[in-house]
Amino acid sequence: MKGPLFYSKILLFGEYGIIKDSKGLSIPYNFYNGALKVDEDPSEAAIASNKSLRRFADYLNELQKNNPELVQFDITALNADIEKGMYFDSTIPQGYGVGSSGALVAAIYDKYATGKITVLENLTREKLLKLKKVFGEMESFFHGKSSGLDPLNSYLSIPILINSKDNIEPAGIPSQTENGQGAVFLLDSGSTGETGPMVGIFMENMKQEGFRQMLKEQFVKHTDACVDDFLKGDVKSLFSNVKRLSHVVLDNFKPMIPAQFHKLWKHGIDTNDYYLKLCGSGGGGYILGFTEDIEKARKALKDYKLEVVYNF
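Numbering-wise, full-length UniProt numbering puts 131 at position 131 of the sequence shown, and it's gapless, one number per residue.
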């Protein structure tokens, strides 16, 4: 048995901001994917994944009991497959901010939810919000509070524009320029990040008036501008807004940036060779980079592993 593939995602803009109703833009990233599988001779990783699925199935059973209106699963079939050794076979790195648990949630919903909303129907705003809510409840098993956005992206495999908490829509993003010099890239920090503690730090900071003000007047403002520029294909304006955003993050989100990257982050802003921003909750995993000249960025970051995800 092998189920359909579900892809990783990249939240280009909106990390932390979407908690406070900034805009956000999330795109599928097909380089990594995962699928539900059963093997004759499972590896250690497969056995560990199978154990985790067993706990997840118990959680989903409770979820449908407590909230029968929201979602129902064929728990009998799910448990039977878990007994056969089913696991999630994934190339998506965990703790890297590219949605490893999101892809798993999407795969489970796709196979075991009864009366599910499918990708083929007319996706009204109501249906998108319902899916997001279901996925948020499902993914909460993995990191406490979840927006449900990662699984939504993985399930639909289309770019999603977040206008506000209650207003999301499929987005058309400008097609990539073949061999374009400008690029969005991922930089491997070499360590994993845990979402829970990072969100905890953010929520603690939100108790301070000054931090809330900065978030609204700078972070959300620049994030919204970046989303608008990206969707319009206004590259010149995009880079000046990404630079501002990178600066605000360096000044106010230090705990979310691995210490060894503080200098590198500032170097990008000072030289304009590249601009860095958080990918997901930060604390490790990938860092997202934007550059108008990928060769310059490669030279400046030659000691790091760099993956291009989008060309301008």
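Please keep in mind that the hints were generated in silico from the structure rather than gathered at the bench. These figures come from a predicted structure and were not determined experimentally. Where hints are given, some of them may not hold.
Cross-link-like lysine to aspartate or glutamate pairs, in silico, DMTMM-like; alpha carbons within 25 Å at most [said to hold, decoys possible]:
hint: 1; residue 1: Lys296; residue 2: Glu217
hint: 2; residue 1: Lys299; residue 2: Asp224
hint: 3; residue 1: Lys221; residue 2: Glu178
Just the calculated beta-carbon pair ranges, DEER-fashion [as the list claims (entries may be wrong)]:
hint: 4; residue 1: Gly115; residue 2: Ile173; range: 29 to 35 Å
hint: 5; residue 1: Lys232; residue 2: Val119; range: 24 to 30 Å
hint: 6; residue 1: Ala80; residue 2: Glu126; range: 30 to 36 Å
hint: 7; residue 1: Glu44; residue 2: Gly144; range: 24 to 30 Å
Backbone N, C-alpha and C define an ideal beta-carbon position, used for all residues, glycine too.
Name the hints, by number, that the structure is in violation of. Of the numbered hints, 1, 2, 3 do not hold.
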